[in-house]
Amino acid sequence: MSWLPASAPGTTSLDRVFGLRPELYEQYREFAELFWRLRVVDPVLLELCRLRVAALLGCARELELRRPEAAGAGLGEKKIAALDDWRRSSVFSPVERACLAFAEKFVLEPHGLSDEDAAAVSAHLSAAEMVAFTEALALFDGFARFQILLGVAPEPAPDARVQQ
Amino acid sequence: MASKARVAPPPVKGTDPLAGSVLAHQPELLDAFLRLYGTLWSRGVLDHVTKEIARIRNARITGCNYCRNVRFAEARRQGLSEEMVTLVDEGFGESQLSERHKAAIRYADAFLIDPHGLREPLRAELLRHFSPAEMVELTAGLALFMGFSKIAVVLGQEPETMPTTVVPTPDVPG
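Those sequence lines, one after another, are chains A and B.
Position 122 (the first sequence) corresponds to 122 in this note's numbering; numbering is contiguous.
Position 96 (the second sequence) corresponds to 96 in this note's numbering; numbering is contiguous.
Keep in mind that the hints were calculated from the coordinates and are not lab data.
Beta carbons are placed, not taken as given, at the ideal position from N, Cα and C, and that holds for glycine.
Keep in mind that a hint or two might mislead.
Said to hold, decoys possible - Calculated Cβ distances over 12 Å to all of chain A for the following chain B residues:
| id | residue |
| --- | --- |
| 1 | R76 |
| 2 | R77 |
| 3 | G79 |
| 4 | E83 |
| 5 | L87 |
| 6 | E90 |
| 7 | G93 |
| 8 | P163 |
| 9 | V166 |
Claimed, not checked - Quick list of the computed label-pair ranges, beta carbon to beta carbon:
| id | chain 1 | residue 1 | chain 2 | residue 2 | range |
| --- | --- | --- | --- | --- | --- |
| 10 | A | A73 | B | N69 | 40 to 48 Å |
| 11 | B | D114 | A | A6 | 22 to 30 Å |
| 12 | B | P159 | A | G74 | 37 to 45 Å |
| 13 | A | P9 | B | S98 | 31 to 39 Å |
| 14 | B | P27 | A | R88 | 35 to 43 Å |
| 15 | A | P68 | B | E99 | 39 to 47 Å |
| 16 | A | P5 | B | N69 | 32 to 40 Å |
| 17 | B | T86 | A | S114 | 28 to 36 Å |
| 18 | A | R97 | B | D114 | 24 to 32 Å |
| 19 | A | S7 | B | E125 | 14 to 22 Å |
| 20 | A | S93 | B | Q78 | 49 to 57 Å |
| 21 | A | W3 | B | P27 | 35 to 43 Å |
| 22 | B | R77 | A | W3 | 27 to 35 Å |
| 23 | B | P27 | A | A73 | 18 to 26 Å |
With the sequences and hints as input, model every part of the structure.
This is the structure in structure tokens:
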């Protein structure tokens, strides 16, 4: 439960907190949805990184959500379950491994990201894709923390788990 | 550390620090970001001085040289002096900053360093100084300040040296 002594109308726990600043929430959603709608970066790759960022930060709500775009592109629960130990798993492609390593450094120690870490990603992604990828990481990292800080809890009903 | 820029500048490099940055590689994302960031800064409920203090605290902790040296004009106009900016550092707790601004810095530190570490009495203190809507805006601001300063760091876009530079406060474009 959020510790804020007010809540906005809405169907999800994020609506009820972020909706306290409706114009800001609307602009956030429009920006965040673009990454899935434009498909500049493969939705499976994005979803794997979103879930890995949520796991590193311990954001329960983001960990329970699933993007339909990634499921539609073939991402299943078995591969998602392998994320916890992705370095030793054989189910991730070279580009997925490079992006997961990049995402972890982004969250935990951005100054520790080496030229080799960056080159491993840019071997697979163009400059424009790399920019979109890092912007998506900025939102995953920043707004997982937002949900943790403000106590935005997981949705109670399973059918509420798929993001609009 | 980035030894050099990891993404080349966009084909048409403008003079605006955001619109002329590597973000211009993705025009549709950039437009949406500028609407979001302009709404945060110029269509908000939280005062500019508090938002700027949170932004500067992030710049120092995340270690973004660009963010550290930029100042937004409206926060200056509302009273944020360079003397106050120098206090947003180690020892801020004993400084002349107001209790409201100290609470905002402690909240920024929790956000940046230990997101699960926000407990009482800091929550109660925050609610004495900020409305729920202001808390949402402050937290969304921290998410964007941190996220986009990390982009500058990981893509090797930070200038090595830069003077303190006052720039127009972001607003919703046209």
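Results for each hint:
Taking the minimum C-beta to C-beta distance to chain A, about 23 Å, the non-interface status of B/R76 holds against the 12 Å cut. Against the 12 Å criterion, B/R77 stays outside the reach of chain A, whose nearest CB is about 22 Å from its own CB. Every Cβ of chain A is farther than 12 Å from the Cβ of B/G79; the closest lies at roughly 23 Å, confirming the non-interface assignment. Under the 12 Å C-beta cut-off, the non-interface status given to B/E83 relative to chain A holds; the minimum distance is some 29 Å.
Non-interface status of B/L87 relative to chain A is upheld: no Cβ of that chain comes within 12 Å, the nearest being about 24 Å off. With 12 Å as the threshold on Cβ separation, the claim that B/E90 sits away from chain A holds: the shortest Cβ distance comes to roughly 19 Å. Remark: the non-interface label on B/G93 is consistent with the geometry, its nearest Cβ contact in chain A lying 20 Å away (cut-off 12 Å). Consistency note on B/P163: stated as away from chain A, and its beta-carbon is indeed over 12 Å from all of that chain's, at 22 Å minimum.
Its beta-carbon lying about 25 Å from the closest one in chain A, B/V166 satisfies the requirement of being farther than 12 Å from that chain. Taking 40 to 48 Å as the suggested C-beta distance range, the pair A/A73 and B/N69 conforms, at roughly 42 Å. Against the hinted window of 22 to 30 Å, the Cβ-Cβ separation of B/D114 and A/A6 comes to about 25 Å, which satisfies the hint. Judged by the Cβ atoms, the range 37 to 45 Å given for B/P159 and A/G74 holds: they are separated by roughly 42 Å.
Range check, A/P9 to B/S98: Cβ separation about 34 Å, and the 31 to 39 Å hint holds. Taking 35 to 43 Å as the suggested C-beta distance range, the pair B/P27 and A/R88 conforms, at roughly 40 Å. At about 46 Å, the beta-carbon gap between A/P68 and B/E99 stays in the expected band of 39 to 47 Å. Remark: the range hint 32 to 40 Å for A/P5 to B/N69 is upheld by a beta-carbon distance near 38 Å.
Between B/T86 and A/S114 the C-beta distance comes to about 33 Å, which sits within the given range of 28 to 36 Å. Distance hint check: the CB atoms of A/R97 and B/D114 are about 29 Å apart, consistent with the given range 24 to 32 Å. At roughly 21 Å, the beta carbons of A/S7 and B/E125 sit within the given window of 14 to 22 Å. A beta carbon spacing of about 50 Å between A/S93 and B/Q78 agrees with the range 49 to 57 Å that was offered as a hint.
Distance hint check: the CB atoms of A/W3 and B/P27 are about 39 Å apart, consistent with the given range 35 to 43 Å. For B/R77 and A/W3, the Cβ-Cβ distance of about 33 Å falls inside the hinted range of 27 to 35 Å, so the restraint holds. For the hinted restraint 18 to 26 Å between B/P27 and A/A73, the CB-CB distance of approximately 25 Å keeps it satisfied.
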